[in-house]
Amino acid sequence: MERREVSFRIYRYNPQVDRHPFYDNFKVAVEKGITILRVLNHIKEHLEPRLTFRAFCQAGICGSCAVRVNGISRLACTTQVWDVLTGSGDDPILVEPLNNLEVIRDLLVDVDPLMEKLKQNSSWVAPAIPEQQMGCKEHIVSETELEVIDSATDCILCGSCYSECSMMGVNRRYISPPVLLKAFRMNNDTRDTIGAERLQQVTADHGLWDCTHCYRCVEHCTKKIAIMEGIHRLREEALERRMTKSEGARHAQAFFDDIHDSGRLKEVTLPLRTKGVAGSLGMIPLAMKMGLKGRTPPLFMKKIPDIKHVRELYRKLEIRAVVKRHAVRQTERLQ
Amino acid sequence: MKYAYFLSCINESMTRELDRSLEILEKDLGIELVKLTRGTCCGGSNLDYVSPDHFLVINGRNIALAEQMKLDLVTSCNTCLLTLRRARQILDSSPEKREFVNNTLRDEGLCYSGSSDVKHLLWVITEDYGLGRLAGLVTTPLTGMRFAPFYGCHILRPSNLLGKDNPATPMSLDHLVETLGGIPVEYASKNKCCGFHTLLVAEKESLALSGNAIEDAIRAEADYIVTPCPLCHTAMDAYQPMTLKGRAVSRTIPVLHLSQLIGLALGHSREELGIDRHMIT
Ligand code: SF4
Ligand code: SF4
Ligand code: FES
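Just so you know, the sequences run in chain order A and B. Position 257 of the first sequence, counting from 1, maps to 257 under our numbering, and the rest follow consecutively. In our numbering, each residue's number is its place in the second sequence (first place is 1) plus 1000.
Hints may contain errors.
Some residues of chain A that are not near chain B, with every Cβ distance over 12 Å (derived) [unchecked claim]:
no., residue
1, V17
2, P21
3, Y23
4, A55
5, I104
6, L108
7, P113
8, P127
9, P130
10, C136
11, Q200
12, R235
13, G294
14, H326
15, Q330
Which residues of chain B face chain A? A partial, calculated answer using Cβ under 10 Å [to be verified]:
no., residue
16, G1030
17, C1042
18, N1046
19, L1105
20, S1159
21, N1160
22, G1195
23, T1198
24, A1208
List of simulated lysine to any residue pairs, SDA-like, C-alpha gap at most 20 Å [claimed, not checked]:
no., chain 1, residue 1, chain 2, residue 2
25, B, K1035, A, T244
26, A, K303, A, Q253
27, A, K316, B, S1051
28, A, K316, B, R1106
29, A, K224, B, L1162
30, A, K275, B, E1203
31, A, K302, B, T1037
32, B, K1002, B, D1028
33, B, K1245, A, L286
34, A, K316, B, F1100
35, A, K223, A, V148
To be clear, the hints were calculated from the coordinates, so they are not data collected in a lab. Ideal placement from N, C-alpha and C gives every residue a C-beta, glycine not left out.
Sequences are here, hints too, so could you generate the full structure?
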């Protein structure tokens, strides 16, 4: 069995006693295959009984053990020491608490804000079956219906994406990726009945439209869930439900319209169309400065040579959409 | 070496100097970039949820235009890169969607088959052209100049669609800076988000994102930030005075496009490369 001595540099902080966080170094002899969680347990048992962290299932199921290893949020119980060795294997492995949540002690963070956001955004199925009939009546979900949300149901609320999220880093009130993922999962559950209401909650300030598309959540999801698909589908649903008053919705619509009109994005009026007249006033000084440098977008974007083909595509897709909507209405009527 | 070159809307309007300096490089490097004039806006990260069908057809068409020329498609915008590659992956993995797109495109005589790759300019330079060859062309090495490489999100993540650099520790742009004789500085923000996509929706937060990265680069004593993405460039250059407001930094920092960085090392002047058109010079 391969075995080596590895250094660990672990974040320590007890806000009630320590003025500042600090780091403790431990050397541990580790066998290949050993996880970060096993090392933390070893340190607690044999070297530093005060070291505080959270863990339960040890199998990547409960979601309680997420920490940052060498700066990246991961599950301590499924991350093997061998896989995170850097340099020639001699660099210490850095273990720190998740970002964007308050530290209670050492690696333990307070997840209440995440739980609070889940509550605010109705992150549960509100079924059609009345309370008194629960357990007496079945609501069957077909395999194809499940497929849509299957991967989203894998979320174990470990908080890794919450910790990695760019928007969370600059606004703690941001709805956050796991809450958006749950909203997608609930809104596409055929048993659920409060989709419209939930979408109202999700699109409130600091919500759905504030995601910057940085894909950090997707990249670092411990369950490899395509979170962005969920975010996109929620935005699509918001537009379908004609919730087009928000800046994000108007911004998106502009791209759609401009490709039809000229093939190109009309950047010059994009702020106006996104933020409205009042909202754009604040941008005038910047626009003027950019004008002096010749950086203002042209007033009219020249149409691409084949614009008639592009418009023809739009026409075909519009017919297709009408036919689709009709078919949906027909099946609804039959049901 | 010959490629189809995707025209990004921002390079047709606000960051025109990017393509201008690239035209100069084409001659130096002997790379031919045939402009995809019939192509349209990729829809940014927006079209997909306004209408997934339009997103697929529009970008299937963009790639099909390159296929018709029997060329790989190159873009110098990170978001165009991701958008086109996303469409490509969906079309390659679903025969039904491919059939739908091709039925829609038929009247224009276009067909998507998946034969053209979609690449970023940075990849073309570092991989297809090669840093060794590029080193041989350097006439004015950027000796002693310190550069903070800012990669931008959509050339790194999601790595399953992009997958050249490790998103946690990207190096390709660092290596390019070294090849040109400059010093790449290490700083925490090199793989972070510039906030561009929410500038018109959540301005305060977006400015905080780009401000953090700019401040980080200044603290690492970089002389320049260099980025392969015109959207990152806009967030960090045009908006820099706004992002630095209220921050304890002693100076501003100019931001270069990838094409300008190479142009400088190949002996072209700041005027030729349009560097004086930037807001921070
Ligand atoms: S893509 Fe959106 S939700 Fe995900 S990490 Fe980035 S800002 Fe947060
Ligand atoms: S989406 Fe992924 S990373 Fe985020 S909480 Fe769920 S399992 Fe963890
Ligand atoms: S201890 Fe349960 S997921 Fe790690």
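Hints versus structure:
No beta-carbon of chain B comes within 12 Å of the beta-carbon of V17/A; the shortest separation is about 28 Å. With a least beta-carbon separation of about 17 Å from chain B, P21/A lies farther than 12 Å from that chain, consistent with its non-interface assignment. At the 12 Å boundary, the C-beta of Y23/A stays outside the reach of chain B, the nearest C-beta of that chain being 17 Å off. Against the 12 Å criterion, A55/A stays outside the reach of chain B, whose nearest CB is about 24 Å from its own CB.
At the 12 Å boundary, the C-beta of I104/A stays outside the reach of chain B, the nearest C-beta of that chain being 25 Å off. Once the 12 Å rule is applied to beta carbons, L108/A is consistent with being away from chain B; the minimum gap is 24 Å. Distance check for P113/A against chain B: the nearest CB is about 17 Å away, which clears 12 Å, and the non-interface claim stands. No Cβ of chain B comes within 12 Å of the Cβ of P127/A; the nearest lies about 27 Å off, and the non-interface call holds.
Distance to chain B confirms P130/A as a non-interface residue, since its nearest Cβ pair spans about 34 Å, more than 12 Å. With 12 Å as the threshold on Cβ separation, the claim that C136/A sits away from chain B holds: the shortest Cβ distance comes to roughly 39 Å. Even its closest Cβ contact with chain B, about 18 Å, leaves Q200/A beyond 12 Å, as expected for a residue assigned away from the interface. Its beta-carbon lying about 4 Å from the closest one in chain B, R235/A breaks the requirement of being farther than 12 Å from that chain.
Separation of G294/A from chain B is inadequate, the least Cβ-Cβ distance of about 6 Å not exceeding the 12 Å criterion. Against the 12 Å criterion, H326/A stays outside the reach of chain B, whose nearest CB is about 16 Å from its own CB. Its beta-carbon lying about 20 Å from the closest one in chain B, Q330/A satisfies the requirement of being farther than 12 Å from that chain. Using the Cβ-Cβ criterion of 10 Å, the hint placing G1030/B at the interface with chain A is not satisfied: the shortest such distance is roughly 28 Å.
For C1042/B, the shortest C-beta to C-beta distance to chain A is roughly 9 Å, which falls under 10 Å, so the interface hint holds. Evaluation of the N1046/B hint against chain A yields a held restraint, the C-beta minimum of about 4 Å falling below 10 Å. Because the closest C-beta pair between L1105/B and chain A is about 8 Å apart, less than 10 Å, the hint holds. Restraint check, S1159/B versus chain A: the minimum CB separation of about 6 Å is within 10 Å; hint holds.
Against a cut-off of 10 Å between C-beta atoms, the interface hint on N1160/B holds, since the closest Cβ of chain A lies about 9 Å away. Taking 10 Å as the C-beta contact cut-off toward chain A, the hint placing G1195/B at the interface holds, the least distance being around 6 Å. Interface restraint check: T1198/B against chain A, minimum CB-CB distance 5 Å, threshold 10 Å, status holds. At its closest, the beta carbon of A1208/B sits 4 Å from a beta carbon of chain A; the interface hint therefore holds under the 10 Å criterion.
Distance check on the hinted pair: K1035/B and T244/A sit about 35 Å apart at the alpha-carbon level, beyond 20 Å; violated. Straight-line distance between C-alpha atoms of K303/A and Q253/A comes to about 19 Å, which keeps the hinted pair within the 20 Å bound. Restraint check for K316/A and S1051/B: satisfied, since their Cα atoms lie roughly 13 Å apart, inside the 20 Å limit. Annotation: proposed proximity of K316/A to R1106/B holds, straight-line Cα distance about 12 Å (limit 20 Å).
This hinted pair checks out: K224/A and L1162/B have alpha carbons roughly 16 Å apart, not beyond 20 Å. Under the criterion of a C-alpha separation no larger than 20 Å, the hint pairing K275/A with E1203/B is consistent with the structure, at around 11 Å. For the proposed pair K302/A and T1037/B, the alpha carbon gap of about 11 Å is at most 20 Å, so the pair holds. With a CA separation close to 14 Å, the supplied pair K1002/B and D1028/B stays within the 20 Å bound.
Restraint check: the Cα-Cα separation between K1245/B and L286/A comes to about 14 Å, which is no more than 20 Å; the hinted pair holds. For the hint linking K316/A to F1100/B, the alpha-carbon distance of about 11 Å falls within 20 Å, and the restraint holds. Distance check on the hinted pair: K223/A and V148/A sit about 16 Å apart at the alpha-carbon level, within 20 Å; holds.
Checked against the numbered hints listed earlier, the structure breaks hints 12, 13, 16, 25; every other hint is satisfied.
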